[in-house]
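> The residues making up each chain are set out below.
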Amino acid sequence: MWCTYSVRARGPFVTRRPEAARGAVACEAVEADVDLLSRLRDGDEAAFVQLVERYQSRLLRLARSMVSTPAVAEEVVQDTWMAVVKGIERFEGRSSLRTWLFRILANRARSTGIREQRHVASGPAVDASCFDAAGAWAQPVAPWAERSDERLDAARWAPVMREALSDLPPRQREVVLLRDVEGLTSDEVCAVLDLSRGNERILLHRGRSRLRAFLGPHMEAVR
Amino acid sequence: MMQLVRRRDLVCQEAVELATLYLEGAMSRRERRRFETHLRKCPNCAAYLEQIRATIQLAGAVDPEDLSPEARADLTELYRRWRSE
Ligand SMILES: [Zn+2]
Chain A
108 MWCTYSVRAR GPFVTRRPEA ARGAVACEAV EADVDLLSRL RDGDEAAFVQ LVERYQSRLL
168 RLARSMVSTP AVAEEVVQDT WMAVVKGIER FEGRSSLRTW LFRILANRAR STGIREQRHV
228 ASGPAVDASC FDAAGAWAQP VAPWAERSDE RLDAARWAPV MREALSDLPP RQREVVLLRD
288 VEGLTSDEVC AVLDLSRGNE RILLHRGRSR LRAFLGPHME AVR
Chain B
3 MMQLVRRRDL VCQEAVELAT LYLEGAMSRR ERRRFETHLR KCPNCAAYLE QIRATIQLAG
63 AVDPEDLSPE ARADLTELYR RWRSE
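Chains as they are written, first to last, in our numbering: chain A, 108 to 330; chain B, 3 to 87.
The set of hints was computed from the structure by calculation and includes no laboratory data. Bear in mind that the values here come from a model prediction, so they are computed numbers and not experimental data. Here a beta-carbon is modelled for each residue, glycine too, at the ideal position from N, C-alpha and C. Take these hints with a grain of salt, some might be off.
[To be verified] Pulled from the structure, derived: some chain B residues nowhere near chain A, Cβ distances all over 10 Å: (1) R9; (2) R32; (3) R34; (4) R35; (5) F37; (6) E38; (7) I58.
[Claimed, not checked] Here are the computed lysine to any residue pairs in the SDA-like style, where the Cα-Cα straight-line distance is at most 25 Å: (8) B:K43 <-> A:E253; (9) B:K43 <-> A:A235; (10) A:K193 <-> B:E87; (11) B:K43 <-> A:A320; (12) B:K43 <-> A:P231; (13) B:K43 <-> A:S236.
I would like the entire structure built from these sequences, with the hints used as guidance.
In structure tokens:
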């Protein structure tokens with residue numbers, strides 16, 4: 108339903124450690140946001156357009172996982188932009204602009220009231236049938252075609268990863284989108300989604316485990 | 003006396019459930035040592051953790067699509083309206 112995202116080969120991912128690369132990207136983005144913010148306060152239309160270019164698709168991606176239909180998601184994102192334009196004077200800059208945007212969006216999405224009550228299920232992230240009676244792996248873990256290093260071919264796996272993300276239950280998807288796709292800190296994720304640290308971690312853990320399980324057959328097939 | 007009581011080793015089923023706590027750096031030093039001891043002895047859990055790392059890296063590389071010119075035009079129009087209200 109929301110598999111409409113393209114993947115661009117990002118330079119830094121090819122040659123550097125992913126953590127370092129993401130840190131650098133996030134840092135540049137935050138500096139650019141500070142500049143945008145002051146221009147936005149001055150009523151600079153070009154600054155607004157730039158902000159929209161940077162965040163529209165990302166807001167939509169999160170909104171689609173929080174409300175029931177794509178049309179409602181579009182509405183929620185539009186409401187978010189209106190709140191930004193009307194509320195920019197009151198933004199105190201205590202959080203990053205990015206976190207502020209996601210938080211407005213999440214609040215709007217919640218207030219549409221369409222969403223069912225939120226409940227975090229407990230239970231294992233990896234199915235009990237994978238283990239024997241003593242709790243050891245019943246079968247060896249099959250090796251993957253790729254490792255998490257600078258040689259990992261992210262562009263190649265992007266279509267499968269997008270499928271895997273859309274296969275996640277909504278609440279796990281929200282957390283994984285913000286934490287792993289957007290690169291927010293877990294404190295920021297908790298603030299945006301109004302989650303306790305414990306629940307954020309459970310959802311992240313289950314989401315990541317489920318992504319891995321989805322990717323597995325693809326990764327094992329092409330050795 | 004208490005110091006002599008060794009905690010039993012983790013089993014795989016427990017270890018995999020600790021992967022996120024470990025990767026988030028949210029374990030006590032003692033928990034971490036126990037987890038890493040298991041990883042050293044268990045190629046399956048080591049492979050599992052490595053696959054979770056690869057999964058996170060792949061998720062981090064999924065970019066949002068570019069904005070369509072129509073959406074940009076619509077929002078610019080709205081911006082002018084909101085500013086003039
Ligand atoms: Zn193990």
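> Now tell me if each hint is right for this structure.
Evaluated hints:
1. R9: 15 Å, holds
2. R32: Label holds. Min Cβ-Cβ 19 Å, cutoff 10 Å.
3. R34: 16 Å, holds
4. R35: Fine: 20 Å to the nearest Cβ keeps B:R35 off the interface.
5. F37: Non-interface label stands for B:F37: nearest chain A Cβ at 14 Å, farther than 10 Å.
6. E38: About 17 Å separates B:E38 from the closest Cβ of chain A, which puts it past 10 Å; holds.
7. I58: With a cut-off of 10 Å, B:I58 comes too close to chain A, as the shortest Cβ separation is near 5 Å.
8. B:K43 <-> A:E253: 22 Å, holds
9. B:K43 <-> A:A235: 21 Å, holds
10. A:K193 <-> B:E87: Distance ~10 Å between A:K193 and B:E87 Cα, so the pair holds.
11. B:K43 <-> A:A320: The given pair, whose Cα atoms are some 23 Å apart, holds under the 25 Å limit.
12. B:K43 <-> A:P231: The hint holds at about 22 Å.
13. B:K43 <-> A:S236: 22 Å, holds
Of the numbered hints given earlier, the model fails hint 7 alone.
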